[in-house]
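K.L.:
Quick mapping for you: the protein sequence lines, in order, are chains E and U.
Each residue of the first sequence is one higher than the one before, starting from 409 at the first, in the numbering used here.
Each residue of the second sequence is one higher than the one before, starting from 2 at the first, in the numbering used here.
Please keep in mind that the hints were generated in silico from the structure rather than gathered at the bench.
All C-beta atoms in this analysis are idealised placements derived from N, C-alpha and C, irrespective of residue type, glycine included.
Treat the hints with caution; some may be incorrect.
[To be verified] So, partial list: chain E residues that the calculated Cβ filter (under 7 Å) puts toward chain U: (1) Ala416; (2) Leu420; (3) Leu423; (4) Ile425; (5) Val429; (6) Phe444; (7) Pro470; (8) Phe505; (9) Gly508.
[As the list claims (entries may be wrong)] The calculated label-pair distances, taken between Cβ atoms and stated as ranges, are: (10) U:Phe513 - E:Val469: 30 to 36 Å; (11) U:Pro72 - E:Glu507: 25 to 31 Å; (12) U:Gln373 - E:Gly489: 38 to 44 Å.
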Amino acid sequence: MVIKGRRAWMGLGLLAIAGAVALLVAGGLKDNVVFFLTPSELEAKGASVYDRPVRLGGQVVPESKTWDPQTRDLRFVVTDGTAEIPVHSVGAPPAMFEEGIGVVVEGRLGSDGVFESDNVMVKHSNEYQPPHEDKTAAKMFESLVESED
Amino acid sequence: MAALIGAVFVVITGMLGGFRQSESLTRLSRGGVYFVLLCMTIAMIAMEAALLSHDFSVEYVSQVGSRETPPYYTAISLWSSLDGSILFWGWILAAYAALVAFVNRHRNERLMPFVNATMMLVGVFFFGLMVGPASPFGLVSPTPANGPGPNPLLQNHPLMGLHPPMLYFGYVGLTVPFAFSIAALLSGKLDDSWIRATRRWTIAPWAFLSVGIVAGAWWSYEVLGWGGYWAWDPVENASFLPWLTATAFLHSVMVQERRGMMKTWNLSLVIGTFLLTLFGTFLTRSGILDSVHAFTEGVIGPLFLGFIAFLAIASLALIAWRSDRLHAPGSLEGVVSRESAFIMNNLLFAAFTFTVLLGTTFPLIVEAFNGQRISVGPPYFNMVTAPLGLALLFLMGVGPALPWRRTTAENMRRTFWLPVAIGLTVGLLAWVAGIRRVYPLVTFTFAGFVMTTIFEEFRKGVRARQRISGTGPVQAFGQLLRRSHRRYGGYIVHAGIVVIVVALSISTAWRFEREATLNVGERFLIGDYGVQLERVWGDQETQRFVVGSSFSIWDGDRQIGTMEPRMNYYPASQQPIATPAVRSNPKEDLYLTLMAFDNQQGTYATVRAIVNPGVPWLWVGGMIIAIGAVLSILPGPKQTRPTSVVTLHEPAEEPEPAPEELEAVPA
Numbered sequence: 409m410v411i412k413g414r415r416a417w418m419g420l421g422l423l424a425i426a427g428a429v430a431l432l433v434a435g436g437l438k439d440n441v442v443f444f445l446t447p448s449e450l451e452a453k454g455a456s457v458y459d460r461p462v463r464l465g466g467q468v469v470p471e472s473k474t475w476d477p478q479t480r481d482l483r484f485v486v487t488d489g490t491a492e493i494p495v496h497s498v499g500a501p502p503a504m505f506e507e508g509i510g511v512v513v514e515g516r517l518g519s520d521g522v523f524e525s526d527n528v529m530v531k532h533s534n535e536y537q538p539p540h541e542d543k544t545a546a547k548m549f550e551s552l553v554e555s556e557d
Numbered sequence: 002m003a004a005l006i007g008a009v010f011v012v013i014t015g016m017l018g019g020f021r022q023s024e025s026l027t028r029l030s031r032g033g034v035y036f037v038l039l040c041m042t043i044a045m046i047a048m049e050a051a052l053l054s055h056d057f058s059v060e061y062v063s064q065v066g067s068r069e070t071p072p073y074y075t076a077i078s079l080w081s082s083l084d085g086s087i088l089f090w091g092w093i094l095a096a097y098a099a100l101v102a103f104v105n106r107h108r109n110e111r112l113m114p115f116v117n118a119t120m121m122l123v124g125v126f127f128f129g130l131m132v133g134p135a136s137p138f139g140l141v142s143p144t145p146a147n148g149p150g151p152n153p154l155l156q157n158h159p160l161m162g163l164h165p166p167m168l169y170f171g172y173v174g175l176t177v178p179f180a181f182s183i184a185a186l187l188s189g190k191l192d193d194s195w196i197r198a199t200r201r202w203t204i205a206p207w208a209f210l211s212v213g214i215v216a217g218a219w220w221s222y223e224v225l226g227w228g229g230y231w232a233w234d235p236v237e238n239a240s241f242l243p244w245l246t247a248t249a250f251l252h253s254v255m256v257q258e259r260r261g262m263m264k265t266w267n268l269s270l271v272i273g274t275f276l277l278t279l280f281g282t283f284l285t286r287s288g289i290l291d292s293v294h295a296f297t298e299g300v301i302g303p304l305f306l307g308f309i310a311f312l313a314i315a316s317l318a319l320i321a322w323r324s325d326r327l328h329a330p331g332s333l334e335g336v337v338s339r340e341s342a343f344i345m346n347n348l349l350f351a352a353f354t355f356t357v358l359l360g361t362t363f364p365l366i367v368e369a370f371n372g373q374r375i376s377v378g379p380p381y382f383n384m385v386t387a388p389l390g391l392a393l394l395f396l397m398g399v400g401p402a403l404p405w406r407r408t409t410a411e412n413m414r415r416t417f418w419l420p421v422a423i424g425l426t427v428g429l430l431a432w433v434a435g436i437r438r439v440y441p442l443v444t445f446t447f448a449g450f451v452m453t454t455i456f457e458e459f460r461k462g463v464r465a466r467q468r469i470s471g472t473g474p475v476q477a478f479g480q481l482l483r484r485s486h487r488r489y490g491g492y493i494v495h496a497g498i499v500v501i502v503v504a505l506s507i508s509t510a511w512r513f514e515r516e517a518t519l520n521v522g523e524r525f526l527i528g529d530y531g532v533q534l535e536r537v538w539g540d541q542e543t544q545r546f547v548v549g550s551s552f553s554i555w556d557g558d559r560q561i562g563t564m565e566p567r568m569n570y571y572p573a574s575q576q577p578i579a580t581p582a583v584r585s586n587p588k589e590d591l592y593l594t595l596m597a598f599d600n601q602q603g604t605y606a607t608v609r610a611i612v613n614p615g616v617p618w619l620w621v622g623g624m625i626i627a628i629g630a631v632l633s634i635l636p637g638p639k640q641t642r643p644t645s646v647v648t649l650h651e652p653a654e655e656p657e658p659a660p661e662e663l664e665a666v667p668a
């Protein structure tokens, strides 16, 4: 009987832990799943995704980028060919950020239709591409080397 | 190629030798293992030679080598891409297999043939990859004059020489306990001999894995430039999952040794750990998840999944087949006892593993079912794992101080009043110091509690030894470490974990950052630091072009140093590699990352400054863990081995001082 009682205790403890973990996991997943959407998908969802964390993937529309180094305001438009979503973030763009490049931005769509991003990531391949002669870093930033002396 | 044939040979002779219990076949399989190691060593030396001599006719060298890469990074580019990693992996596997075969050449006769066979079965898979889809020795023609060099991320920091090999030694090493458990199942010799034989073979890979994980976090901190060290990246999780189950196993094993319980559980843990290492390799190497580590590659993925599924099903079938021999002679006597603490520990570790595994694979599951692409971010992991981690921390203070079997309320009071008092005092002090966040408060309280328990264990141990041998406290301490190295090594590891947990908690709670664009001569404040831009410069180095920025660091009006965060441009990639500058003191790190710069005159630069309190202690904690682990693997004292048994069995662990004896020491 004594053994049984202890077994019951252990069983109860086990259940309690399993229950607590299940609750934690369910709650954690519900609140922290981030949807990966294209601009069209984001537009289609409209108001239902206002203020929900989203990862938005697409290309930077040429000539849409404005970057002010002093206020560090970065604005650009992301497109998938059909829909366009304006993006705003505060902070320097990643080093390879350029117009036409693929990006993934993390953030939330505001009710004003502007996507407020707190993280801008550039999609780049690790495949080797021989650099353009005039686009090597050494050429591009030549003036910095000379300014040394 | 020869290694593959050798491995197949070992699998066959091993299996036959095991089932027929034939001496000569067993010897043959052992010879086969040595032969495989010889082949793999030749292959690896050949690859290193090709890398170092820049022989670009070898396809792998033409992929990861370049004449400009410094020799150190050329040498370690062996593991900078898929094919080389698998070669290195195969070599480690062969080395472990040969070492196990050699050490056990006169013992565990019933198990060894199966062990050799299982190790080499895994070997066949990896060697097969090498001969087939991931052949590192393919030739290219015409021979290129130069190559792109290794992936820029992997040649930007010396820690790349430490982090991957440590992880591999850990990952691959966990094949050994797996092989022993399979051998135990196959041979039907399911007593504790396989557990005793694998004790060191589990602690050593575990230690490698721990060091590898900490080194990886450090590397990520020093190279990736975002100021953090752990992002719950799928590949980080992949290394963490087997660590969790291996840690659980290290603990539950003791229950089986002492009380003969949890046999099936232990087998499952070992097998699960090994499967998780394969799964981790699969995640890393198949490119199924976007991650900084993934070297995308097509055919390898399905092969890995197939192999994992095969091993999982085969292992389960074996356990089911032998289930009649897995009855536990012992049973749980007291609800509050050492073994129930171990069981709790294992439940928590299992829960931890489950939550991390679920979070890692959830995006795959969801995408498979409804095509939605989602990701599970760090907040999920932090939210779910923090309570589990704290519960484990608490248990770390309770478990070691509880006696086996059962205890009394009086004992509990005597053992725990001091640790509880000190823990609460630490928590109270933190409260008085103005800390109001729940997690840090709880962490500090528990940490005080656990550290006191550990200290008390050492103190009691030293006192007991002093009484037995009549020596001074310092000598007694040395004796204690020598004689019960496994136990006290374990406590040192615990102390290292506490240091890490506290550092994690501090750095998570009080990290702050500021990003600003500065003109040359301008200064901004972050915390107590003044950060002033001095100049922006460019420099052509042999293998890369560097854009750097120099900052002077000020404490009020006093300059306390300079820091130079930079961006490294490697020819192979348009993406520059940010190289943050870190300034450490015991309290905190100041972490500067160059974000953007005026690329013509160098008149301004955008910098992100982060104050990361507590981070240096993460690395200290990692070193403490390594020391503790080494201590617990060291061979036991010679004189305590009963000489008659020494040739047949691993030495029995020095029995820990009986609890009664310890309690007789006045507190």
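K.L.:
For this structure, which hints from the list above don't hold up?
P.N.:
Per hint list: 1, 2, 3, 7, 8, 9, 11 and 12 violated.
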